[in-house]
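The sequence shown begins at 1 in the UniProt record's numbering and counts up by one.
Since the hints were made in silico from the structure, they are not lab data. The structure presented is a predicted model; accordingly, all values stated were derived computationally and were not measured. We treat Cβ as the ideally placed atom computed from N, Cα and C, and that holds for glycine. Some clues are possibly wrong.
[As the list claims (entries may be wrong)] Across the chosen pairs, the derived CB separations fall in these ranges:
{"no.": "1", "residue 1": "155", "residue 2": "547", "range": "18 to 28 Å"}
{"no.": "2", "residue 1": "175", "residue 2": "475", "range": "24 to 34 Å"}
{"no.": "3", "residue 1": "383", "residue 2": "526", "range": "40 to 50 Å"}
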Amino acid sequence: MEFVVLPDHPAGAEALALALAPGLPCPTVIEHHSGRPWIVGDWRTDEIMSVSAGPRRLVLLGCATAQPDALAARLGRVRSLADLDDLARLIAGSFHLVASFDGDVRVQGTLSTACQVFYATVAGVTMAAVRPEALADRIGAGVDEDRVALELLSPFGPPWPLSERSVWCGVRSPPIGHCLEIDRNGTGRTRRWWTPPEPERPLGDGDFVREALFHAVGARTAGQQLVSADLSGGLDSTSLCFVADRSGGGPLATLHYEAHGGRGEDLLWARRAAAKLPRARHVVVPPTETPDWYAPFAHTPHDREGPLMFVRARATVEHQAALVASLGARRHLQGVGGDEMFLPSVMCIHGLIRSAPSAALPHVRALRSRRRWSLATTVQTMASAPSYPRWLAAQVDGLADERAWGSGAYWEISPKLPPWITADAASAVRRLLREAVAAGPEPLAALPVQHEMIWINRVNGTAMRRNSRIGAHAGVSFHAPYTDDRVLEAMLSVRLADRVAPGRLKPVLARALDGVVPAGILQRTGKDDASPTLYAGLRRRRRDLLEFAADTHLARMGLIDGAALHRLLTGTHADTRPLMPFDPTLACELWLRAVANEAPIAPNPTIAPTPTFRTT
Numbered sequence: 001m002e003f004v005v006l007p008d009h010p011a012g013a014e015a016l017a018l019a020l021a022p023g024l025p026c027p028t029v030i031e032h033h034s035g036r037p038w039i040v041g042d043w044r045t046d047e048i049m050s051v052s053a054g055p056r057r058l059v060l061l062g063c064a065t066a067q068p069d070a071l072a073a074r075l076g077r078v079r080s081l082a083d084l085d086d087l088a089r090l091i092a093g094s095f096h097l098v099a100s101f102d103g104d105v106r107v108q109g110t111l112s113t114a115c116q117v118f119y120a121t122v123a124g125v126t127m128a129a130v131r132p133e134a135l136a137d138r139i140g141a142g143v144d145e146d147r148v149a150l151e152l153l154s155p156f157g158p159p160w161p162l163s164e165r166s167v168w169c170g171v172r173s174p175p176i177g178h179c180l181e182i183d184r185n186g187t188g189r190t191r192r193w194w195t196p197p198e199p200e201r202p203l204g205d206g207d208f209v210r211e212a213l214f215h216a217v218g219a220r221t222a223g224q225q226l227v228s229a230d231l232s233g234g235l236d237s238t239s240l241c242f243v244a245d246r247s248g249g250g251p252l253a254t255l256h257y258e259a260h261g262g263r264g265e266d267l268l269w270a271r272r273a274a275a276k277l278p279r280a281r282h283v284v285v286p287p288t289e290t291p292d293w294y295a296p297f298a299h300t301p302h303d304r305e306g307p308l309m310f311v312r313a314r315a316t317v318e319h320q321a322a323l324v325a326s327l328g329a330r331r332h333l334q335g336v337g338g339d340e341m342f343l344p345s346v347m348c349i350h351g352l353i354r355s356a357p358s359a360a361l362p363h364v365r366a367l368r369s370r371r372r373w374s375l376a377t378t379v380q381t382m383a384s385a386p387s388y389p390r391w392l393a394a395q396v397d398g399l400a401d402e403r404a405w406g407s408g409a410y411w412e413i414s415p416k417l418p419p420w421i422t423a424d425a426a427s428a429v430r431r432l433l434r435e436a437v438a439a440g441p442e443p444l445a446a447l448p449v450q451h452e453m454i455w456i457n458r459v460n461g462t463a464m465r466r467n468s469r470i471g472a473h474a475g476v477s478f479h480a481p482y483t484d485d486r487v488l489e490a491m492l493s494v495r496l497a498d499r500v501a502p503g504r505l506k507p508v509l510a511r512a513l514d515g516v517v518p519a520g521i522l523q524r525t526g527k528d529d530a531s532p533t534l535y536a537g538l539r540r541r542r543r544d545l546l547e548f549a550a551d552t553h554l555a556r557m558g559l560i561d562g563a564a565l566h567r568l569l570t571g572t573h574a575d576t577r578p579l580m581p582f583d584p585t586l587a588c589e590l591w592l593r594a595v596a597n598e599a600p601i602a603p604n605p606t607i608a609p610t611p612t613f614r615t616t
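Just need the whole structure built from these sequences, with the hints factored in.
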């Protein structure tokens, strides 16, 4: 699905002409009440719901639970774009909401960014799109080199709010919880429409979480002849399979990719779950038929939006999309986001000790034992409570420090510079972070645990959006119901004391799906490690990676030292942690290669090029 949104303005026609320049061969056009072009793009009939009430228009693009008649009736009672805030909160699923009211336009995506909005000034008016490169192409924008330097930070790029900055000059996106509004003069602005709920709701039997999960899955299964889903054996994907089996949609097909090395228990647990899902078709893919991690795409061109998160598995995503398509499904469910939603983090206990100290103490003791912390580390972690700007300022000084594995995350996972970054590039990253600190950024929520959940949900949603771009070449989209707005809201509202329970891995999920997922499945307390898959891919692809690292755009831009990167790839590592910074670097380089012949790179005079490093 691809589309652009135009204002109800005479210049919209000029913007449309620019949009169609490289555009789609036969785009669909939805008009404003005035007759001017409004939404232009390409989508399937099961991906759109359009209703109107007099001169007002409302379109949902994606997967949504709304019914057209009920949606039209509610639209008839709405008087302004701001009145759509309440309506948006009632609809489950993952979708773009686009409205046209008396010459004004509203566009919004999801909190997770699985559905994201980008905007820029085209032909003198604000134009929105679901792909930033579509806008960059129209305005002749180049790559923001400063932003590329930020993308080298591991594990997930820059912290909030720098994470919202596009890698394309002149292209922006609304902050989390904001929508884009374009007035009849063609001027765009962002407005906050969503604020996170307070963690005050007792879990009880988990009915509101269960309802949110069923609606999220149902939004994907409705009207589908077949839906596929991961059945990894882990609690998250397994739970979704049982929810999908009860959703009332079409038949279910499950996929399990066997781990390299034949170790672990995931396959055993997947078989146990499959035995309880007799109506589903179960497919097990042996490792001999699975692309290696770090393997290149076989057929799919690289997406030009920006560096691809979790790029090491790109060929696996492509393979999975082709397999899903061969089964006859167009939507594939994954358990992405389950850990971040339901596995209690250090910050959950950090917040609990402030609201209910006596209830928190047993969990603090268990955490200390599990992490093998000293008493001093435990006290320091639980007592520390820096504001978000202070925490962000501290990250500037610690960017090059060795990561303290197993420590508390506080607001976010601390970003780290890769060892092969150049001094000039590191200085640019520090400068950008200091500028962000000076602006006094507000966190995404008042409590670190809530901010952490919203932020990491965005990371997962972005990954799903980009994976769907890969799958689109096979006609398949990837979906993570755990990242949906209504699921996130439900989890954010749960009392902290109810999110943790002794001896339970994910107590909220277990409570919510009690009676849906067999009790024996819910009792699993562990998950397999992906290290064997990573090592196998690195071993088999080492020569390709060395050739890749020998001549990079990143080195020519003065961002990395090729010799240092070469040492990483030729070295031996006791565990996978030294390899963590490599993924963002690989992602940046592959993306730069994809755009090298299509967009100029905006030069940064503070960064000097470094000599190209070549292997001999």
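Of the hints given before, which are not true for this structure?
Violated hint (a single one): 3; every other hint is consistent with the structure.
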